[in-house]
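Participant: Given next are the chains, with one letter for each unit.
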Amino acid sequence: MSGHEVGPDEIDLRQAELPPVTNLAIVTLALLVSGGVYLAAQLNRSTSLVVPGILVGAAVLCLLANVVMLTRLKEFAWGSFFLVGKWALLGYVVIAGVLEFVFVYDHTPARELSLFTVMLVVFAVNVPLLLAYSVARYQPVSPRN
Amino acid sequence: MADTDSRPVAAAPPGAGARPDFEIFPVKGIPIAAAVVVGLIIAISSNSLWALTFFHVAGGGLWTSIDLFVGLIIGPILGRLSIPARVEFSTKFMPKMLLLMPTLVAMTLGGGFQLARHEGNLAADYPHHAWLVASFIIVGIMAVIALGLLEPANLAVLFELKKPQPNGARIGRLMKVFIYTSGITGLLQVATILIMTFLASR
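Protein chains in written order, with my numbering: chain A, 1 to 145; chain B, 1 to 202.
Don't take every hint at face value.
As the list claims (entries may be wrong) - Below are the DSS-like pairs computed for lysine-lysine, each with C-alpha atoms no more than 27 Å apart in a straight line:
{"#": "1", "chain 1": "B", "residue 1": "Lys163", "chain 2": "B", "residue 2": "Lys28"}
{"#": "2", "chain 1": "A", "residue 1": "Lys74", "chain 2": "B", "residue 2": "Lys162"}
{"#": "3", "chain 1": "B", "residue 1": "Lys28", "chain 2": "A", "residue 2": "Lys86"}
{"#": "4", "chain 1": "B", "residue 1": "Lys162", "chain 2": "B", "residue 2": "Lys92"}
{"#": "5", "chain 1": "A", "residue 1": "Lys86", "chain 2": "B", "residue 2": "Lys163"}
{"#": "6", "chain 1": "B", "residue 1": "Lys176", "chain 2": "B", "residue 2": "Lys162"}
{"#": "7", "chain 1": "A", "residue 1": "Lys86", "chain 2": "B", "residue 2": "Lys92"}
{"#": "8", "chain 1": "A", "residue 1": "Lys86", "chain 2": "B", "residue 2": "Lys96"}
{"#": "9", "chain 1": "B", "residue 1": "Lys96", "chain 2": "B", "residue 2": "Lys28"}
{"#": "10", "chain 1": "B", "residue 1": "Lys163", "chain 2": "A", "residue 2": "Lys74"}
{"#": "11", "chain 1": "B", "residue 1": "Lys96", "chain 2": "B", "residue 2": "Lys176"}
{"#": "12", "chain 1": "B", "residue 1": "Lys162", "chain 2": "B", "residue 2": "Lys28"}
{"#": "13", "chain 1": "A", "residue 1": "Lys74", "chain 2": "B", "residue 2": "Lys28"}
{"#": "14", "chain 1": "B", "residue 1": "Lys28", "chain 2": "B", "residue 2": "Lys92"}
{"#": "15", "chain 1": "B", "residue 1": "Lys176", "chain 2": "B", "residue 2": "Lys163"}
{"#": "16", "chain 1": "B", "residue 1": "Lys96", "chain 2": "B", "residue 2": "Lys163"}
{"#": "17", "chain 1": "B", "residue 1": "Lys96", "chain 2": "B", "residue 2": "Lys162"}
{"#": "18", "chain 1": "B", "residue 1": "Lys176", "chain 2": "B", "residue 2": "Lys92"}
{"#": "19", "chain 1": "A", "residue 1": "Lys74", "chain 2": "A", "residue 2": "Lys86"}
{"#": "20", "chain 1": "B", "residue 1": "Lys92", "chain 2": "B", "residue 2": "Lys163"}
In case anyone wonders, no lab produced these hints; they're calculated from the structure.
All chains, please: the whole structure from these sequences, using the hints.
Facilitator: Right, dumping it as structure tokens:
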């Protein structure tokens, strides 16, 4: 492509200083999906919930670590973060709600249902957090209120 | 794509036209998406075989076709367009994808899971249970790619385009992620369709 080069701007230079929120959110998602696939594959069998329990526990820890890393950010585009985050949260709460409805409607056994519910809660928080961060990281910095 | 071109998009050559204003999220499409979600809930709660099959097959077919079309046809064309043309296309195309794709994914997966349950395919003694689990794994990988990479890139492009002086290089990098991940999920969808058609013919 032709055009006058202006090189990386201030936002590009700031990227290296940001914590690995995106990577950790993707790991969280992968752990949730693995747990979900394991549970769905074993549905209607009386199997141990240790493996999916460990996967979900690890996902919860990753999500908490991400929240802690975010709270430590001093200079960040918080306006954009919360703007995207609140609408994405609304959308993903609806999606998680539909899935929860399916599991409840299908009389999923209580132990499995409780694990699915924790997964859906983490999912409904993790994806909006990832989307909000992915937008805000490229926006001009705004002071935190 | 434009990974070597870091000029601001607003600094496009004279005569290229101004960057069009656009809506990041297509609010007018929300009633249609909401109607689809309501229809899906009705299909699940009524356990209608036709409705569940419709949501699963129609959603899956559109999801696959759109992913492949974007990744393999639109992507290479977009890469050869001028920056103003790319920007104009993206401002019209990307917001629609933001609403359309999650709706299709919900249709396909919600309808499909309930259909499998209704037909007894989730039962441990289902003869092709292993194939079903294989499809779960593929869908799981697709979900991680779509939610972890594709959708964040889509949103980030739209917000970049909203800036007074969008960064062309950044848009190029993010669009590359969007196009590649669309293609990958489209190819994974083909694998899912191979498994699904195999199971449906048993």
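Participant: Check each numbered hint from earlier against the structure, then list the numbers of those it violates in ascending order.
Facilitator: When the structure is compared with the hints, only number 13 turns out to be violated.
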